[in-house]
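In the order they appear, the protein sequences are chains A and B. Numbering-wise (this note's numbering), the first sequence opens with residue 5 and increments by one. Numbering-wise (this note's numbering), the second sequence opens with residue 6 and increments by one.
Do not rely on the hints blindly, as some may be mistaken.
For the chain A half of the interface with chain B, some residues (derived, Cβ under 7 Å), not all of them [what the hints assert, rightly or not]:
no.	residue
1	187
2	347
3	400
4	402
5	403
To be clear, the hints were calculated from the coordinates, so they are not data collected in a lab. Even glycine gets a Cβ: it sits at the ideal position worked out from N, Cα and C.
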Amino acid sequence: MNRRILVPLLRTSLVVVLALMVANQEVLAAAGGAQPRDSGVDPLGVGIDYDPYPPGILPNDLVPEIQRVRREINFIFQQALGEWRALPPIVHTGQPPTIQGVGYRAIQTLGKLMNFDENMSPFRNRACSFCHMPYAGFGPPIPSVNLTMIAYPGSMAFRAGKRNPQRYTYAPWFPVLERNPTQNLFFGGNFWDSRATGFLVANPDAEQSQHPPVDTQEHALPDTACIAFRLSQAQYRPLYEAVFGPNTLNLNFPADTEQICDTPGGAAVFGNDTEPVRLSPADRTRATTVFTRWAESLDAYERSSQVSPFTSKFDAFLKSTYTLTKEEMAGYLLFNGKGNCNSCHVDGRGTTLHPGQFDNSTTASVKPLFTCFGSANEGLPLNPRNAFYYQTTPDFFGFTPNSIGFGYRDLGMGTFLRSGYGSAPSPNADWTQFAPTTDGQFQVSTARNVAMVPPQCGSTEAPGPYFQKEFFHNGYIKSLKQLVHFYNTRDLFFFPVLSGHCPPGTTEKVNCWPMPEVRNNIDCTTGNLGLTDREEDLIVIFLETLTDGFITPFPNINTYTGTCMTGGSASTQGNEFLIPTPTLPPCAPVVCNVPPLPDPPIVECFDCGPACPIPPPNPRTE
Amino acid sequence: MIRLFRTLAIATAVASFFTSNHAAAQLLPPLKKAARVKIIKAPELEIAVDHLTIIRWTTTNPGGSDVHYGIVHYGTDPKDLSQTAKSPLRLNHGHRYTVFRVRIDDLKPQTTYYYRVGSEESNGESDRVTSTVYKFTTPAPGERFVARP
Chain A
5 MNRRILVPLL RTSLVVVLAL MVANQEVLAA AGGAQPRDSG VDPLGVGIDY
55 DPYPPGILPN DLVPEIQRVR REINFIFQQA LGEWRALPPI VHTGQPPTIQ
105 GVGYRAIQTL GKLMNFDENM SPFRNRACSF CHMPYAGFGP PIPSVNLTMI
155 AYPGSMAFRA GKRNPQRYTY APWFPVLERN PTQNLFFGGN FWDSRATGFL
205 VANPDAEQSQ HPPVDTQEHA LPDTACIAFR LSQAQYRPLY EAVFGPNTLN
255 LNFPADTEQI CDTPGGAAVF GNDTEPVRLS PADRTRATTV FTRWAESLDA
305 YERSSQVSPF TSKFDAFLKS TYTLTKEEMA GYLLFNGKGN CNSCHVDGRG
355 TTLHPGQFDN STTASVKPLF TCFGSANEGL PLNPRNAFYY QTTPDFFGFT
405 PNSIGFGYRD LGMGTFLRSG YGSAPSPNAD WTQFAPTTDG QFQVSTARNV
455 AMVPPQCGST EAPGPYFQKE FFHNGYIKSL KQLVHFYNTR DLFFFPVLSG
505 HCPPGTTEKV NCWPMPEVRN NIDCTTGNLG LTDREEDLIV IFLETLTDGF
555 ITPFPNINTY TGTCMTGGSA STQGNEFLIP TPTLPPCAPV VCNVPPLPDP
605 PIVECFDCGP ACPIPPPNPR TE
Chain B
6 MIRLFRTLAI ATAVASFFTS NHAAAQLLPP LKKAARVKII KAPELEIAVD
56 HLTIIRWTTT NPGGSDVHYG IVHYGTDPKD LSQTAKSPLR LNHGHRYTVF
106 RVRIDDLKPQ TTYYYRVGSE ESNGESDRVT STVYKFTTPA PGERFVARP
């Protein structure tokens, strides 16, 4: 049969079959007989997913890798159930009533159960931990995804977000997002763009845990009340009620709640309705309270020693129970000195040490978190492998994740302050005016656990054995060697090209750095540090001392069941997966024409092909 | 003496584990603003390549806000430095000196520019230091200039 006829016919047939299946599910749900679906990758179970991607964008092993992570998650979930059952009786005493003795353990265990609970998604196939596994420092767990699409497939596979999932560890220590008026700088928040401000729950880490469950490309629940609904069905409901009170999950959910919560957010059937579960005002208030309790519980877990334990070699060094090796100390001195890393990744110590010198400053009276809680534009190139760019067509539910395709530019915090495309509403209109000074800025992550990998893999660095990670907001960097080399030579090896177009005779990430995605506000603390190759290696060695688990074993570090990689070089690790950036369309108005406008305007590109002329000079003027 | 320092350092670090509070307690106060800032290494062209020029100079650590902006006023006429480029950097609390680097985009090739540098805190307050006028010439298209480290 002619292909032009066959393809539309097959497509039409599939849509009919899918429609019938969804109709059947609706009947089941209406009858209270909704069945958990467990295909994991193919939520509708009919051999079709949302796959708008050109060949090669999704990794070949994506399906088995998703299944592998899900098995690991379920293992830890079962372990957490055991931890719950081992808890002593939970009794509230005193005034105000407090869970005496076991309160911390109880809420941390509850948070752990929530974190590894796959039921918190429409197709019961995505837990929070799907993007945040312990062996990766509670960062992204699939090497092939880290090498390619960089964002992780959500409950409705293969919808995906736009950024590298940030590590959980020490996220609870970030303060509520605030603008310091004296310094005219922002501090705090969670997420790369700081959009989890924490203003309402007084804790950005807790607020962070409220975003993915209702993010259309992550868990994708269509209503925050679905969290209360699924918790009311949870095996560990008794623990929730023991912590937060009896009957706190007794809501009168409408009969169609299951059907609604089984449908991913963004579905055309919901329109712009963010509360499709029709609750009474009193029950809506209860559901909102449960959603806050969800956030508090997850924060308690992430704050606990199971996630953020301060057990690295560096912590042992501070306690004087470990002596840094000669190389580690040399790396530390470079980190604080020539590398200037601690201008942002603050080590909490007030003295730049020299060999034989000891820190006697008063600023060491903080636990060093290796972040300044600020944001910066480091000038990363646009990564054309980012799955976000390709999701330009509607999925089965009529949802299009990114209608502007490569017209998207990631302005980070600037877009958030404008309540802009792909971010979240900013809760403070007074800050909108500062958007142009934060365009292109992303949060300065803690350097702690940047090197954490499964023990059997041993390293982030080729030739390994190593576990492939991804670094920075768009995952462009694939090893710590590259990360340090980028800071060291970003400007020295600048070429006015897009990724995948470095000139002949150069090697991308070695002696060619493509131009930044956003040229505004580029941080010039680094970019030409003059570090030697050996000095870069020493800083990597020091970064490895920031990995928890040295003083006491890191919980659940041994849960990785995938394979480690070997071979190659850390300098070019992952370069075989570079692809040429296509000729870029202008930045879409919905991103770049939102007032207050970026200053200077976001430039589409220069020298990236005949279709993209060099723009006229546009110097910044005061 | 070294032993004494070591003991003090250990005591301080260990005490911090018991006394520190999370979140707000981690925000270090900014450095005290220096009474006087001096340029100790004169401005110079660091890098010039198609579409990107970087000017650098070194001062004593100016203190004040965590982020500072290096500022370059420039133009092709030494009497008209009406164009301005600014780049942010983050001060290192432990360093005595600060290297300012400013990116200037999209200059014309093979053109001589005159410039003067200064710096300010992120709130716009000047560091009260200004250089004399210097000059540089951009390379031809495709050529690359890189100063010695």
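Each hint, compared with the structure:
1. 187: Given a least distance of 4 Å, the restraint on residue 187/A holds.
2. 347: Result: holds, 4 Å to nearest chain B Cβ.
3. 400: Since the shortest Cβ distance to chain B is 43 Å, the answer is violated.
4. 402: Status violated, d = 42 Å.
5. 403: Constraint on residue 403/A not satisfied, violated at 37 Å.
The structure is inconsistent with the numbered hints 3, 4, 5, although it conforms to all the rest.
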